[in-house]
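K.L.:
We have chain A; now place chain B onto it with these hints.
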Amino acid sequence: MFFTSANASRWCPSLRKDAKRIHSMNVNKEDPRLTAFALGELDDDERDAIGQAIEADPELQEFVKEIGVAANLAGLAIRQDDAPGLSDDQRQAVLEASELLAKPGRGAQSRFWRVARVAGVAAVVVVGLGAYSYWSIVKESGSPDGGPGSLARQIHQIDSLRLTTAEPEVAGSNEDPATLESQDYITREDSWYSTAQRHQPESAKDELLVQADVPIEAPLEQDAQRAPASTSASASTEDLETEVDANTALGLTSLDDSARSTESAEQITPRSSSLQNVQIGGEIRIRKNYYVEHPVPAQPPSSEVNAPADPQIRDLYTQAESEALNRPQSPPAEQPESKLAEARTRLNITADFENANGVTATAPEEQKTLAFFGPDATGLQSVEQQQQLARSPVPPLVPSDRESVPSGILSSVINAAANPGPPVGPPSELPNGADAKGIASRSYDIDGDGVLEDIPFYTKPDGSQVIGSTVISDAGGKPVAPSGGGGFGGGGLSGGGYGGGAFNGNATKYYFQWKTDESRVIDNTVLSSTIQAPANPGPAGTTSIAGTILNNSDGDELSVRMDRWSNEQPGKGEPDPVARERFQLSENLGDGRNNPSSGESLRYTRTKELMQEGQSYLDNQKYSKAQQYFEQVLLIDPGNKTATRLLADATVGAYKMELQEHWQQLESDQQKIREPRYLYAIRRTPGTESYAPIPVKPFTQVAQEPLSTFSVDVDTASYANVRRFLTQGQLPPPDAVRVEEMINYFDYEYAPPRGEDPISVDVEIAQCVWETQHRLARIALKAREVPMDDRGPANLVFLIDVSGSMKDANKLPLLKESMKALTRKLLPQDRVAIVTYRDAASIALSPTTVGDRITIETAINSLHADGSTNGAGGLELAYSVVSQNVIKGSINRVILATDGDFNVGETDNKRLVKLIRNSAATGVFLTVLGFGEGNLKDDRLEAMADKGNGAYHYIDNYNEATRVLCAQVGATLATVAKDVKVQIEFNPQHVAAYRLIGYENRALAAADFNNDRKDAGEMGSGENVTALYELVPPGVSTAPGRGVDGLKYQSNPEPAPPLSRESNPETMTVKIRYKDPEGDASRKFEVPVVDRGKGYDQSSRDYRWAVAVAGFGMVLRHPPLLNATWINEDGAIVTQADFVNPERLGSLTLAQVRDIAEGANGYDPDGRRAEFLSLVVAAQTLTGQ
Amino acid sequence: MNETIGSDPDWIRSALDRFERPLIAYAYRFTGDLETARDVVQDTFLKLCQADVTRLNGRLAGWLYTVCRNRALDVRKKDARTEPLHEGQAEAVESPAPWPSAQASANETNRLILDAVAEMPDRRQDVFRLKFQDGLTYREISAVTGLPLSTVSYHIHAAMTEVCERLRAGSDTAYGAQIQNNV
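Those sequence lines, one after another, are chains A and B.
Here our numbering is used: position 425 in the first sequence is 425, and no number is missing along the way.
Here our numbering is used: position 84 in the second sequence is 84, and no number is missing along the way.
Mixed in with the good hints there might be a few duds.
Said to hold, decoys possible - Sample of chain B residues at the chain A side, in silico, Cβ under 8 Å: (1) 41; (2) 49; (3) 113; (4) 114; (5) 117; (6) 132; (7) 133; (8) 145; (9) 147; (10) 153; (11) 154; (12) 164.
The set of hints was computed from the structure by calculation and includes no laboratory data.
All C-beta atoms in this analysis are idealised placements derived from N, C-alpha and C, irrespective of residue type, glycine included.
Chain A extracted, bound-state conformation:
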């Protein structure tokens, strides 16, 4: 048996600190701390305490040594050195990941992930940033030192793609951050899986639309296998990569162009996707490929735009990609430019918001801002920071000699977009304000020299916006008003217009290009075409700027995005002959000039405000506030995906907070429970077990009720159930403790009946231990023992619950073993049948004589648990089987074995009760065996056995099973008297009040005693029944406030006058009424009892044992006596004040119980009394007594 002293000491600081107390506590072999000690798992203070206890006890020393040895052997036995490791590939992948991720950027990256998670950034990559690719390639081919990694990075426009915002539920009970993180991880990964599985590529026409590379979050190979679109085996990954990337590069142009002409965002929704494992630069990423069905352009793109890809490009990409993949494991060399390259990467990511069509596909500003990140990014970057980056020194990327750039590449990418060189002369469509609706000049520090340059914005008569004119700045950066010195040219893309301007300052020349066409509005967002590199960077010393004005639907400028190329003269201290940077002037320039009150404009503004507010609440973890804002956004703008996503984030966040609060509440509750007052809590209803409440019976005045009547009860289930709780380290729920069943669990040396009656009665009265003025009467009944050979043949039907829940080791397997043991005890002429029930009842073994043991055991062995429960059908079948074999004089029994609910409705229940009762009348009795824990329907099973003239036993281990079925085979099977009732008449001369201990649910009305139709308990061969009465002698007051008030309208009942004048020495008379097992008429006999005034010391051993057991039961039923707390069904704590103690148990303690029991522990043939003592000790430990 087990008791949680370790537990108690952990929870109770005073115990832990007080080593002496631990020491004095009974440390026995059941104490888990012994094992913990042997394994070195104890804290210092406990180790010392246990160490002392072990030293003091040689037996424990032996035991601990044994555990030590066994632990070593166990370690050796279950060691699995031969477990296979990871495959080489897997291992390699892990090592690579660690190497790459171990760079200083790691921390920042994980920080990014946190940020990204909050913001729920979802973006789509434009892979087709021709200009960028171009520059990358230029750099790669021109610079021998350029790491292939950075090239690859350029090729794969990196994206922070988050498809779902599914967040893990926070496991409320888990404090370990590692656990939280891992759960987080898994959930996130789920979304990857689901995405990959949902989008199975369906057609060979599938074309790669976008590749999104994200840091590793999901198992790589596994994903690859699950997504057939990707490579099916890791071996071919490389090929596919190459191909796919080339495809990307090549396909982009066409996608780009076709989309530019007609495709809308809806038409490019990825239809499928796959995941791949790639290594890019310093990062390992998962590549997510999105496939679309190849879009058919509505209009054939112009040949200029749709120029066939130069084979050289393909080669270059292929080469770059394979280099990237085959790169040796060494980290990329730290090159001077690396920092800038990263910065550039960061800038490139600006373009993430343009999709493959070259249109900006995402909306509000905040999202753009969020996208600025890099391997070492600190997360977010403001536009200012971005501009700072733009100002950082620009290292040489290509030699100044432009001839080294493969011209094919240049043309295929660039020519697609940019047409003219810097034209000369004033812009034709921008006359000096005459044709323009308005000119607004805005100042920006374009060249990063700290001085603002003016940029004029024109609104053309058709409403379109133009950046125009020329900005002239002298070397000191002083802005000069626009002049006609610049030149403008048009042309370029279809429907678009380019303007260009150039000027000469003293030291700096600016060259402008701009583009104002291609604006489309989707979801309130301006979609603008990609900024193109200038075809002609102009003469040395020229800085080129190309900008895109982002408009909203009413034509207001929202922002200006510009790229700058400088073409400085080498050797002048400026290191960068041709470098490109992007910067964005992304303040809202919208002034509503064209349509100041347009709903669209207002809507946009409002949406933006709400989004910003919501975002700031979200950032500050005010989730419910944030929720409100995003909900409002969605009201205004139902299609706003960002808001949807952020709302999801906020909702998840709010839920997390809620859980957190809940958890904190739990924590504080827990803290509270640790207070001494709540230390020893008893759950009234553990799990779904159910117990009938036991009414508390106060003292009864003899003057009012001189008769006490009850039915015998030979059940023992309660004791076994209590034992289960205590051995599991819990106090039993009070209603599980039925005192009479505990008392009757034990054998006593009562004298067997000698006369005609099959039952003997012995009464012993002595001083009551817990209330010394009271007397305690023990009434002992013992049934005649029927020799085994004398009994009639047994006709047993086992009704076995084989529903799924029975398969626990302590249920069906235990039952099967005990059934076999029983079979061996039975006589050859006995018959056994087995009916099983789960969904339906079936006969597993038709009645078979025990002589045919093999058949029986085979049937028993083949029992297995599975399915759900249908008790009613089983019971009916079992009764029908047993009734086929009812013989006069035979023992007919249905033995029901179940672990819980019978799953029958009320109607069925009534029918069953009737069946059980009727069968009992025809001599078929029912024995109920309860198994298992957690779902035990104690009340139900006991009631059923009661109706069926049978006994209810709880089986918690093999010994108990053997005891019930075998050791008591006679008692269990052979009933020697049925409907045994006990009635006691008290003599008011000697007894003023009385109380029956236990038998609460066996109480009968006085008139029932002589009513033969009233059912009562049975007694089997040799069984004994013990009842205890606490008697209050006249003159001793019962507790104040107990009893009844005096009567108002008649005289208070006086003690009935004695029948004779002489005082009758009899204290009481015990009357027994019983029926023969097959009889219908009852017989009665009486035993008068005289109290000889014995003190407790003079009482017999059996008497004292019964008192000890009763005392234990009573204490267990009264949490206040245990100094324990009772938690009721609602989980509320019942305080001690809520308890009445009508039994007036005084100061009865477990220690007293133990003393009494130790003084009576003599007759113990099967070790049950010793076990009882250990249970008392367990309860003491549990309650700290």
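P.N.:
Chain B only, in chain A's frame:
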């Protein structure tokens, strides 16, 4: 190696060396399939590469087992293709066969112990194996399984008591000799 975590560039390699096989064996208990177990363990290590290792100082084993366990349970759940189960039910899912090679044991002592282990309830077996097969401390086991420390302690004790009894009952002389030597 916990002390050098993160500072030694090769720490992940030593983590692999030390935990790769035990973790696969551990994951296998849930998945019952070697390849899946390998995948689970690879995931676990990739996750480790990303984790903030400074926070793992001294808790690496517990962390790895926790992540591995969650991952394995997750995979098993997914593979079971049943309705979502909550954690408790998931545990009740029939446990897969033990590691194949562990069943074959020529040694009588081992056989006795393995029999005892095989007959333990799932949870106890889990705890027992984490202790003796994987060498976790009670605290780590508690963190990994989510069981209270006292429950872990109880299970180990009950398991050890059972093992002791089996060994005592068994006739293996080697065990007796070992006891003698130790006494």
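K.L.:
Determine for every hint whether it applies to the structure shown.
P.N.:
Here is how each hint holds up against the structure:
1. 41: holds, 6 Å
2. 49: Cβ of residue 49(B) sits 4 Å from chain A, so the hint holds.
3. 113: With a minimum Cβ separation of about 4 Å from chain A (threshold 8 Å), the hint on residue 113(B) holds.
4. 114: Hint holds; residue 114(B) Cβ to chain A Cβ min 6 Å, cut 8 Å.
5. 117: holds, 6 Å
6. 132: holds, 5 Å
7. 133: Holds, about 5 Å.
8. 145: The hint is violated - residue 145(B) has no Cβ within 8 Å of chain A, the shortest such distance being about 10 Å.
9. 147: Violated - the Cβ of residue 147(B) stays beyond 8 Å from chain A, reaching only about 11 Å at its closest.
10. 153: holds, 4 Å
11. 154: Holds, because the Cβ-Cβ distance from residue 154(B) to chain A comes to roughly 5 Å (cut-off 8 Å).
12. 164: holds, 5 Å
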